[in-house]
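Residue numbers (numbering that gives the first Met the number 0), protein chains in the order written: chain G, 0 to 367; chain A, 0 to 235.
Simulated from the structure, these hints should not be mistaken for lab results. The reader is advised that the hints may include incorrect statements.
Derived SDA-like pairs (lysine to any residue); straight-line CA-CA distance at most 25 Å [said to hold, decoys possible]: (1) A/Lys-112 x G/Arg-212; (2) A/Lys-112 x G/Ser-233; (3) A/Lys-155 x G/Glu-224; (4) A/Lys-155 x G/Ser-233; (5) G/Lys-160 x G/Ala-47.
Pulled from the structure, derived: some chain G residues nowhere near chain A, Cβ distances all over 10 Å [what the hints assert, rightly or not]: (6) Ala-18; (7) Val-33; (8) Leu-34; (9) Ala-35; (10) Leu-39; (11) Gln-101; (12) Leu-122; (13) Leu-260; (14) Met-276; (15) Cys-279; (16) Ile-319.
DEER-style ranges, computed between Cβ atoms [stated by the list, open to error]: (17) A/Ile-170 x G/Ala-35: 54 to 64 Å; (18) G/Phe-21 x A/Ala-167: 35 to 45 Å; (19) A/Ser-109 x G/Arg-128: 31 to 41 Å; (20) A/Glu-58 x G/Arg-128: 21 to 31 Å; (21) A/Val-124 x G/Glu-143: 51 to 61 Å; (22) A/Ser-109 x G/Phe-347: 42 to 52 Å; (23) A/Gly-85 x G/Arg-128: 18 to 28 Å; (24) G/Lys-173 x A/Gly-134: 54 to 64 Å; (25) G/Leu-203 x A/Gly-85: 35 to 45 Å; (26) A/Ser-183 x G/Gly-140: 53 to 63 Å; (27) G/Ile-275 x A/Gly-68: 34 to 44 Å; (28) G/Ala-124 x A/Lys-112: 31 to 41 Å; (29) G/Gly-140 x A/Gly-85: 35 to 45 Å.
Glycine included, C-beta positions come from ideal geometry on N, C-alpha and C.
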Amino acid sequence: MKNQDPQHSTDFFSRRDRAYEFVRERWDMMALAVLAVAPLCVPALGGALGGQVTTLFIYCILALGLNVVVGYTGLVHLGIAAFFGIGAYIMAILTVPMYPFQIGFLAATIVSVLITAGVGLALGAPTLRLRGDYLAIVTLGFGEVVKVTLRNLEQITGGMKGLNPVPPPGAGVKVAGIDLGLAFAIDPRWFYYLALVSLAGVVLAMRRLEDSRLGRAWVAVREDELAASAMGISATRVKLSAFAMSSAVAGLAGCLYAASLSTTADPNAYDFNRSIMVLCAVILGGLGSIPGTLLGVTILVGFDTVLAPWADSLIQQMNINPSGLILLSFSGWRLAIFGLALVLVMRFRPEGLVPSRRLAAELHEAHP
Amino acid sequence: MPMLEVHEVEAGYGPIRALDRVSLEVQEGELVAIIGANGAGKTTLLMAISGIVPVRSGEVRFRGTPINGLQPHQIVRLGIGHSPEGRRIFPRLTVRENLELGGFTQPNSSQLKRDIDEACGLFPVLGERMGQLGGTLSGGEQQMLALGRALVGRPKLLMLDEPSLGLAPLIVTKIFEVIAGLSSRGIAVVLVEQNAYAALKLATRGYVLETGRVTLTGSGKDLAADVRVQDAYLGE
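With the rest of the complex left out, here is chain A (with noise of 0.2 Å):
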C-alpha cells in the first residue's frame, strides 16, 4: 500500500480547474519530485493535499484513510507536514518561537526540546540565531528556519513547495543536500521545484505537470534523461 494515493483529483478557484483528474503516489520513505512550468498546478496539489484548497472530485488516501474533506491542523497533525510556497515563516517571531510553532503538535516540551535541537544540528546557523526575528535572516536562512520548522513537527511526509527559489547557488545546494538526507531518517518527501535538474537528480521517481494534468512519469534518472522533459524544463 503507497503511503499517499492521489487519485483522479480535481480542485480549482472559482470557475478555474487547477488540477484536472491528477493521480499519484508516495511510497514510504520515496522522494518524489513533482516539476513543470508556472501555473501548472504543482502549488494547488500540494495544497490540495493539505487540505486548504477542497479536492471537488477524486479522493487523496494516506495510509489507506481517506483524507480529503478534514481540516488543515487535522491532515497536519496525521504526519503530513507542508512547508508552503514562499516560506512563510513568522517575520514578527523569534527564530526560538517559530521553531516552537513547529512543533506545536507535540505536546511533550522536552521531546519539542530535543526536535528543536535536531534541527538546529541539521542548519547550525539556527541555533546561533534564536534570539532573532525571523523577518531578519537572509533569504538562505529563512528557508532553512521554514525546513527546520517543518522537521520539528516530525512529519511521516513532508511536502516542500519551492524551497530553492530565489536562493544562491550555495544554499541551493545545502538545502538540497539536507532534502537528500530526509529519506534516510524514514520522512517521505513531495518536492516540488523549479530547478528541474536538481529535484530529479535527487528524486526516486518524479512527475510532470502541465496545465492540471499529469503528462509524463517516472524514475528521476529516466525523467531527466528523457527529451521532452530536458527541452520543456532543463534548457540546453
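Looking at chain G on its own, in the form it has when it is part of the complex (with noise of 0.2 Å):
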C-alpha cells in the first residue's frame, strides 16, 4: 500500500472533499430543484403521496420555528403544537362556511400568523423572566390547556370534529380561465408547491436571521446571559422575540396544515405528541442547523407519515398479516423503532446528524 503513488491518494481525498464541500454549500439549491421537478416526473405525487410530502413540509417549517426558541435560543419548549394548532384554527375560523368572515387564504393566513404570534408574547411576557425549568413547565402546561379548550369549547371550535370544510386557497378566482380553488381540491400538486415555496421563503428568512443582529443576540444570550447583558442586549427582550417569531412561524404552518387537510382535523393533532416530535426531530437534526432541522423532520415525520403507512400496506397485500395481529404490523413497531433511533443517536452523535456549524467547528477542534 505505501508504495502506492501519494500523488494519487490526495487527489482523491481533495476530490472527495471538494464534492462534500460542493454538498455542504449547495445542498439548499440541488433539494429545492429535486422537489420542484419531482412532481413532474413522479406520477405518485399526484396522489397521496403528494399529500403526504405536503404535510412533510409543513412540519419542516414548524420545526424551523420551534428551533428559533431551542436551537437559537437555548430554550425549552415543550407545547409548539399548541401554536401550530391556534394558527390552524385561526385560519379555519377566518375561512370556513359557518362562520361569516370568510376572507380568503391569503389575508387569513397574515392575521393568523400575527394572532399566533401575539399569543406567543402574551405568555412568554410573563414567563420568560423564568429560569430555563419554569419555561418548560409553562409551555408544557399550556400545550394542554389549549388542547383542552379546543376540545371543550364545541360553539367555537367544533370540539372533536374540529372546523370544516376549510377552503382551499384561491377559492372562486380564475386565472386564465382555471378556476384556482378548485384546482388546488383536485390535484394535490397544487399544495405540494404552495408549501414548498412557503418553506423555502421561511429557510430564506431563517438564514437571513441567523446574520442578523436579532439572531446573533439569541445565539449571545443562549452562551451566556450576564456576557450578552454587559454586551447591552436585553436578555428579556430577546428572548421574547425569539418566542414571538417561533409562534408566528408555527401559526404558519398551522394555516397550511388546516388549508392542506380542508380540516382543522380533532384537537388531539395538536397535542404533546406533536409538540414533542417536533422537538426530537429538531434534536435528532441538530440544535440550531437548518439543513439539522430538515432532515430531523424527513426522517422522523417521513417515517411516519410516508414510511409506515406504505410498509403497512406492502404487508397487508403479501398477505402474512390476514388476523390483522398489531404485532405484525409496522405501524404497531412504530414508537418502538423512533425511540431506538434517538437513543442511538444521542449516544454515538449527541450533537445532531447536521450539526450547526458552531458545533461542527468545536468537534473539529477537539478531534484534529
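Assembly of the complex is requested from the two constituent chains, each provided in isolation within its own frame, with the hints serving as guidance.
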C-alpha cells in the first residue's frame, strides 16, 4: 500500500473533500431543484403521496419555527403544537362557511400569523423572566390547556369534529380560465408547490435572521446571559422576540396544515406528542442547524407519515398478516423504532446528524 | 462634577451584605484602581454599578443622572462598559462575532467595522484569528478579546474585573500597557485587580476595599507607598 503513488491518494481525497464541500454549500439549491421537478416526473405525487409530502414540508416549517427558541436561543419549549393548532383554528374560523368572515386564504394567513405571534408574546412576557425549567413547565401546560380548550369549546371550535371545510386557497378566483380553488382541491400537487415555496421562504428568512443583529443576540443570550447583558443586550426582550418569532412561524405552518387538509382535524392533532415529535426532530437533526432540522423532520415525520403507511400496505398486500395482528403491522412498531433511533443518535452523535456550524467547528477542534 | 459617583451603596446576596455603604468617585479620563482581598466586594461593586446586582440603598450617578435601578443593558447604553470577571467571552462564537457583539449598541455598521479594526490595531493577534472560535484562543488571547470586545462598544467608562488573572507575566504587561493607554483616548477606567502593585502603579487614584467597606483611599503612588497596603497586599 505504501508504495502507491501518494499523489493519487491526495487527489482522491481532495476530490472527495471538494464534493463534500459542494454538497455542504449547495444542498439547498440541489434539494429545491429536485423537489421542484419531482411532481412532474413522479406520478405518485399526484396522489396520496403528494399530500403526505406536503404534510412533511409543513412540519419542516413548524420545526424551523421551534428551532428559533430551542436551537438559537437555547430555551426549552414543550408546547409548539399549541401554536400550530392556534394557527390552524384561526385560519379555519376566518374561512369556513359556518363563520361570517370568509376572508380568503392569504388574508386569513396574515391575520392568523399575527394573532399567533401575539399569543406567543402574551405567554412569554410573564414567563420568560423565569429560568429554563419553569419555561418548560409553562409551555407544557399551555399545550395541554390549548388542546383541552379546543376540545371543549364546541360552539366555537367544533369540538372533536374540528372545523371544516376549510376552503382551498384561491377558491372562486379564476386565473386564465382555471378556477384556482378547484385546481387546489383536485390536484395535491398545487398544495405541494405552495408548501414547498413557503418552506423555501422560511428557510431564506431563517438564514437572514441567523446573520442579523437579532440572530446574534439570540445566540449570545444562549451562550452567556450575563456577558450578553454586558454587551447591552436585553435578555428578556431578546428571548421574547425569539418566542414570538417561533410562534408566528408555527402559526404559518398551522394555516397551511388546515388549508391542505381542508379541516383543522380534531384537537388531538395538536397534542403533546406532536410537540415532542417536532422537538425530537430538531434535536436529532442538530440544534440551531437549518439543514439538520430539515433532515430530522424528514426522517421522523417521513417515517411516520410516508414510510409507515407504505410498509403497512405492503404487508397487507403480501397477505402475511390476515388476522390483523398488531405485532405484525409495521405501525405497531413505529414508536419502538422511533425511540431506538433517538437513543442511538444521542449515544453516538449527540450534536445531531447535521450539527450547526459552531458545534461542527468545535468538534473539529477537539478531534483534529 | 465627577463622571461616576457611588454614594453610600449597599448591595448583597440574600442575607449577605457584600457592600457596606461604599462611596467612590471617578473623574473623566481617570484610571481608578480598586484593590482588596478575595471576598472584599470588588466584583460586587462593579456588578452593582452595572446593574447586574441590585443596589439596596445609596445611589449611583453617572454624569449627574442616577442609574441605580436601570437594567444592565440600559446602563451599557449610557456608556459604562463592563468586562466581567473570568473574561466571559463567547467560546462558541468566532472572534469576529465576539467583537461584533461588543458593538451591539452601535447601529451604524461601517462605524462598527472601524471600531473592530481599531480593536485589532491594539491587539493584532485578534485580527489574525478573526474566523477562529473564541474558546480555542489561549488565555491571554481570550483576555485580549474580552478587552477588545469591551472597547468596540465605545465606552466612556470601562470597568475591568481582574484582567490579569491567570495570565503569563509577558501578557499581563501587554494588557496593562493597553489599559494605561485608554485614558489618553479619553476613556475612564475602573480597574479591579489582585495584582495590586501593577494596578496602583498605573492608577491615578486607588481605593482599598475590606469586607465590603472602603478602608483607604488616595493617589496610586501614595497607596503603593502606604505601609498598611504594602503589608496586606503587596507582599515583601
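Those earlier numbered hints the structure runs against, lowest number first: none
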